[in-house]
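Student: Top line first, the protein sequences correspond to chains H and W. With our numbering, the residue at position 72 of the first sequence is 72, and numbering never jumps. With our numbering, the residue at position 226 of the second sequence is 226, and numbering never jumps.
Hints are computed from structural coordinates only; laboratory data are not their basis. Here the structure is a predicted model, which means the values were calculated and not measured. No incorrect hints appear here.
Over the 10 Å line for every Cβ pair with chain W, so calculated as not near, a few chain H residues:
| # | residue |
| --- | --- |
| 1 | S11 |
| 2 | R18 |
| 3 | A113 |
Cross-link-like lysine-lysine pairs, in silico, DSSO-like; alpha carbons within 27 Å at most:
| # | chain 1 | residue 1 | chain 2 | residue 2 |
| --- | --- | --- | --- | --- |
| 4 | W | K177 | W | K82 |
| 5 | W | K177 | W | K55 |
| 6 | H | K76 | W | K210 |
| 7 | W | K205 | W | K52 |
| 8 | H | K37 | W | K210 |
| 9 | W | K147 | W | K52 |
A virtual CB, placed ideally from N, CA and C, is assigned to each residue, including glycine.
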Amino acid sequence: MTDTTIDTVQSGTAAILRIHGEITGGSDPELMAAYAKASAATRSVVLDFADMEYMNSGGIGLLVTLLVRTQRAGQKLLAVGLTEHYRQILGLTRLDEVISIHDDEASALAAAATT
Amino acid sequence: MTASEPRTPRDQESWAQPVDRLTTTAKSTGVDTVTGKRVAGPVQGFGQMWQKTFKVRLDDVAMDPEAVVAHWKAGFPTFWPKGAAFYAPLAGITPGEVALLEVAPIPGSPVKMSTGVMVLYADRESFTFMTPEGHALSAWITFSSFKEGGVTVAQAQALERTSDPFIELTYILGANKMNDRFWEQTLENLARSLGVAAPSVTSVKVCVDKRRQWRYVRNLRHSPAVSMPLSMLTAPLRWLRRRRSA
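Generate the whole structure from the sequences, applying the supplied hints.
Tutor: Structure follows, in structure tokens:
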């Protein structure tokens, strides 16, 4: 059992997925269920990591799976609320080359609106 | 500005530190094709993306998952199939360390492919390798142990793409199955080392992304399909140089 909850908030054509707790390989049902709640008109998916407390390598693998799904749906994947530690991990794994990282939700939504 | 960081994250010590170019303390008998390269994960690969999960039940083994992972880390090279070599870094399997590998592209072949892996993540329950540029695969491979139905199991899970079109072609022609067999044998060897007499490895393979990423076709410049024949051609020169300097 994982300690993960993810809320989905729709903001226009952007779906914001607010992550609370942990992201591990076992968080797949929660993450995919949250993504499934995004409206059919969603053009961008914003992952909000501000309340994430822990992520292991299984969690990073899940982000790649989500990335593939969003790419298949023609959606852009963005991230906000990353601490320096998790920014470094996205850089280390070179996920920052395909996930657009923003300082705050407003700038992420502005970037999402231009896509 | 980034979000405030109220306390040290629990996973802080488990991840490798950011690195631009790889270096290693490992010593192999082959060519170091890793130093100076960047890491490349499944996002940077060319071929279809596969998630492969290999699992073995450790029936009647009185070890908890943490003890199994400690055993796996300590003896990692010894569990590899015959013909493959894993040269551990001095600090062992710890985050950020880089190991060198020599694997036969075809089982039984005297020709060895030199490559390596970086330890991306390691904690008491799992550890993950990430491949460098020039590896046949762009991958993360996680080794873990956990309880399932009251029994300790060991698992190897790869998220991978082949790195370039040449390697993708070899995968289609049979290298994919050879790679599967490699990890099955590794888990069998691990289980035997823990006293399982007849280990049975199960596998689940899912094609996560059927598309090939043509924007990474330039990975060919690092391809072992190119560098390995060159290395073989220049091997006599290296041998002569070693003899002269001896």
